[in-house]
Amino acid sequence: EAMVEAKAHYLCKFKVYSGKQPDGEYQVFNSPDDIVKRLVEPVKRSGRKITTDNRYTSIKLAKELLTPEYKLTLVGTLNKRKPDIPLEFLPNQNRPQFSSLFALHDQITLVSYFPKLKKAVVLLSTMHNDMVIDMSTNETQKPEIITHCNDTKGSVDCNDQLCATYNVAPEEELKDGFWQHFSIF
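In this note's numbering, the protein residues as written are 9 to 193.
Careful: at least some of the hints might be erroneous.
Within a straight-line C-alpha distance of at most 30 Å, the following computed DSS-like cross-link-like pairs (lysine-lysine) qualify [said to hold, decoys possible]:
| no. | residue 1 | residue 2 |
| --- | --- | --- |
| 1 | K28 | K161 |
| 2 | K71 | K90 |
| 3 | K28 | K90 |
| 4 | K79 | K45 |
| 5 | K90 | K127 |
| 6 | K68 | K88 |
| 7 | K21 | K71 |
| 8 | K90 | K45 |
| 9 | K127 | K68 |
| 10 | K161 | K45 |
| 11 | K71 | K45 |
| 12 | K88 | K126 |
| 13 | K161 | K23 |
| 14 | K161 | K88 |
| 15 | K126 | K90 |
| 16 | K15 | K45 |
| 17 | K52 | K21 |
| 18 | K21 | K68 |
| 19 | K52 | K88 |
| 20 | K161 | K52 |
| 21 | K45 | K28 |
| 22 | K52 | K28 |
The hints are simulated quantities; they were obtained by calculation from the structure and are not laboratory data. Quick caveat, the model's predicted, so the values are computed rather than measured.
All chains, full assembly: derive it from the sequences and hints.
Structure, rendered in C-alpha cells:
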C-alpha cells in the first residue's frame, strides 16, 4: 500500500503489509479504512484530494475523511458488491452504452457509468458535487468524476514501475543477493 503524489509520482508514504498483528501495544489493524487513515496521516487537514481503488473506497471512509480531523476529499471506484450502491447503478440490460446515473447526498456523489452494454463502473466522490459530463470525452460522454479518477489513479502503478526499473541498492549488497529477499510493494 502506498500514497503517491499524482502528477510527479513522488512516493509520499508506504506501508508493508505484515499480515495479522499479534495483540499488544504495537498491534495495527489492516482493514482498508485503517490502512488509508494511516497513509494519509502526513496530509491530514490539508484539503488534499485522495484517489483510491475499489479495495479502499467506501462511503464510511469518504464521510470520515470529510470530518474536521482529516479535511480531505476522496474519489474512487466502488466495488459493485457494496450494499450501499443503489440497484439502478448496477449492470442491467436496459441501460444504454455511455449513459450515466448520478446520486448526490450529504457531500457524497455516486456515479454509475456504462462504458459497454451490461457493464457498469461505479465511482464515489466527495470532491465533485454535481453531475458534469466531461465534454472532451466526445461520444463516450464520461462523467468528470471518471476522467479525474483516470488522470490520478495511475501514479501508484507508475511508481511501482520506476521502483522495478531503478535499483538504488549498494553494489556489494546486490552481489550478495541481499535485496532479493525483500519486497517493498
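Hints, one by one, checked against the model:
no.: 1; hint: K28 / K161; verdict: 27 Å, holds
no.: 2; hint: K71 / K90; verdict: 16 Å, holds
no.: 3; hint: K28 / K90; verdict: 24 Å, holds
no.: 4; hint: K79 / K45; verdict: 12 Å, holds
no.: 5; hint: K90 / K127; verdict: 16 Å, holds
no.: 6; hint: K68 / K88; verdict: 15 Å, holds
no.: 7; hint: K21 / K71; verdict: 22 Å, holds
no.: 8; hint: K90 / K45; verdict: 20 Å, holds
no.: 9; hint: K127 / K68; verdict: 25 Å, holds
no.: 10; hint: K161 / K45; verdict: 18 Å, holds
no.: 11; hint: K71 / K45; verdict: 12 Å, holds
no.: 12; hint: K88 / K126; verdict: 13 Å, holds
no.: 13; hint: K161 / K23; verdict: 18 Å, holds
no.: 14; hint: K161 / K88; verdict: 18 Å, holds
no.: 15; hint: K126 / K90; verdict: 18 Å, holds
no.: 16; hint: K15 / K45; verdict: 21 Å, holds
no.: 17; hint: K52 / K21; verdict: 13 Å, holds
no.: 18; hint: K21 / K68; verdict: 23 Å, holds
no.: 19; hint: K52 / K88; verdict: 28 Å, holds
no.: 20; hint: K161 / K52; verdict: 20 Å, holds
no.: 21; hint: K45 / K28; verdict: 18 Å, holds
no.: 22; hint: K52 / K28; verdict: 26 Å, holds
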